[in-house]
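Listed below, chain by chain, are the residues.
Number of protein chains: 2
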Amino acid sequence: MDFDPKLDLQQVREIDVPVADVWRGWTTPDVLMQWFCPRPWKVVECEIDLRPGGIFRTVMQSPEGQNMPANAGAYLVVEPQKRLVWTNALGPGYRPNPPSDDQQMGFVFVVDLRLEAMPDGGTRYHARVMHATEAACAAHAAMGFEQGWNVALDQLVALMKQGG
Amino acid sequence: MDFDPKLDLQQVREIDVPVADVWRGWTTPDVLMQWFCPRPWKVVECEIDLRPGGIFRTVMQSPEGQNMPANAGAYLVVEPQKRLVWTNALGPGYRPNPPSDDQQMGFVFVVDLRLEAMPDGGTRYHARVMHATEAACAAHAAMGFEQGWNVALDQLVALMKQGG
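Quick note, the sequences are listed as chains F and V, same order.
The first sequence: position 80 = 1396 (the working numbering), numbered continuously.
The second sequence: position 104 = 1420 (the working numbering), numbered continuously.
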């Protein structure tokens, strides 16, 4: 992967969960809703059509009960248990999205998630988030990308260890 | 295809050229440069990496010799002789593009080209161009989309009939 430190954020971890479970966590709405955003935030809607050009849409809800509007995204690459690429720049059917109303996440990004099985049964987890501009990348970092994504991933690990 | 008349432009024609030649015209730089923009405009550079996430970049030159800057695009779907989807919203490796400097084409779009072999050896040619907003779609139409794409396609047909 061609990491650009001015435009990209990334999360690289080795986690004690098999790739099959990580894949299930990312691609099954009922499961994704349980871990995908750091509590006390919640995912209250999730729509997944797991194929290139298929929809990936979530609605997050603040602790105060406010739903956050966001453009529906689309998958670009779906390689089961290996790689998942999606973006909010395009919606289902590859239709380009209009500028977002979302105050927080009103920029486009592409997430490139790669999973690799470890000899011990765990997963090398590598998520890269690419932005169009340095300003968007910096804004995403300032929003707490690193902490937010790590807390969410911890939630996925805990969920899977509970047999989720 | 889910055509939205407010957001999409399209070109549907039956042409007297086999699908293999149409595909070659769209996917081979030396060939594409000969037909892709209406003369006296020219394509003076063309870069193609024909796979999902691969680059599609052209530089057009005005009759006065001015090169038009534009973001490099990327292919999204490559189904040889059947379907080609590309966008200027993302660049190679699916990296999201910054807003374009291009005065004319400073909006994002996705082109979804479908080819179907006709019993007579010709091709049913269906290009759909999707825009993010009604304003972008209207601007593209006002720039002369219909005439421009038809003249270019006529150039492709003529080129192939000359054995191009």
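A few of these clues could be false.
It does not matter which identical chain is meant; a pair holds if it fits inside one copy or across any two.
Using 25 angstroms as the maximum straight-line C-alpha spacing, the simulated SDA-like pairs for lysine to any residue come out as follows [as the list claims (entries may be wrong)]:
| hint | residue 1 | residue 2 |
| --- | --- | --- |
| 1 | 1322 | 1422 |
| 2 | 1398 | 1367 |
| 3 | 1477 | 1320 |
| 4 | 1477 | 1367 |
| 5 | 1322 | 1411 |
| 6 | 1358 | 1378 |
| 7 | 1477 | 1385 |
| 8 | 1477 | 1384 |
| 9 | 1398 | 1408 |
| 10 | 1398 | 1368 |
| 11 | 1322 | 1415 |
| 12 | 1322 | 1385 |
| 13 | 1398 | 1452 |
| 14 | 1322 | 1369 |
| 15 | 1477 | 1386 |
| 16 | 1322 | 1335 |
| 17 | 1477 | 1458 |
| 18 | 1477 | 1408 |
| 19 | 1322 | 1379 |
| 20 | 1322 | 1370 |
| 21 | 1477 | 1422 |
| 22 | 1398 | 1366 |
| 23 | 1398 | 1369 |
| 24 | 1358 | 1321 |
| 25 | 1322 | 1409 |
| 26 | 1322 | 1355 |
| 27 | 1322 | 1371 |
| 28 | 1358 | 1323 |
| 29 | 1322 | 1442 |
I should point out that these hints are in silico values taken from the structure, not numbers from a laboratory.
Evaluation of the provided hints:
no., hint, verdict
1, 1322 x 1422, "both (18 angstroms within a copy, 23 angstroms between copies)"
2, 1398 x 1367, "both (14 angstroms within a copy, 18 angstroms between copies)"
3, 1477 x 1320, "neither (34 angstroms within a copy, 46 angstroms between copies)"
4, 1477 x 1367, "neither (28 angstroms within a copy, 38 angstroms between copies)"
5, 1322 x 1411, "between (27 angstroms within a copy, 13 angstroms between copies)"
6, 1358 x 1378, "within (7 angstroms within a copy, 53 angstroms between copies)"
7, 1477 x 1385, "neither (31 angstroms within a copy, 52 angstroms between copies)"
8, 1477 x 1384, "neither (30 angstroms within a copy, 55 angstroms between copies)"
9, 1398 x 1408, "both (22 angstroms within a copy, 20 angstroms between copies)"
10, 1398 x 1368, "both (14 angstroms within a copy, 16 angstroms between copies)"
11, 1322 x 1415, "both (22 angstroms within a copy, 17 angstroms between copies)"
12, 1322 x 1385, "between (27 angstroms within a copy, 23 angstroms between copies)"
13, 1398 x 1452, "neither (27 angstroms within a copy, 37 angstroms between copies)"
14, 1322 x 1369, "between (28 angstroms within a copy, 21 angstroms between copies)"
15, 1477 x 1386, "neither (31 angstroms within a copy, 49 angstroms between copies)"
16, 1322 x 1335, "neither (29 angstroms within a copy, 43 angstroms between copies)"
17, 1477 x 1458, "neither (31 angstroms within a copy, 58 angstroms between copies)"
18, 1477 x 1408, "neither (33 angstroms within a copy, 38 angstroms between copies)"
19, 1322 x 1379, "neither (32 angstroms within a copy, 38 angstroms between copies)"
20, 1322 x 1370, "between (29 angstroms within a copy, 22 angstroms between copies)"
21, 1477 x 1422, "neither (34 angstroms within a copy, 49 angstroms between copies)"
22, 1398 x 1366, "both (14 angstroms within a copy, 22 angstroms between copies)"
23, 1398 x 1369, "both (18 angstroms within a copy, 16 angstroms between copies)"
24, 1358 x 1321, "neither (30 angstroms within a copy, 36 angstroms between copies)"
25, 1322 x 1409, "between (30 angstroms within a copy, 16 angstroms between copies)"
26, 1322 x 1355, "neither (29 angstroms within a copy, 40 angstroms between copies)"
27, 1322 x 1371, "between (28 angstroms within a copy, 21 angstroms between copies)"
28, 1358 x 1323, "neither (28 angstroms within a copy, 33 angstroms between copies)"
29, 1322 x 1442, "within (18 angstroms within a copy, 39 angstroms between copies)"
This entry does not satisfy hints 3, 4, 7, 8, 13, 15, 16, 17, 18, 19, 21, 24, 26, 28, going by the numbered hints stated previously.
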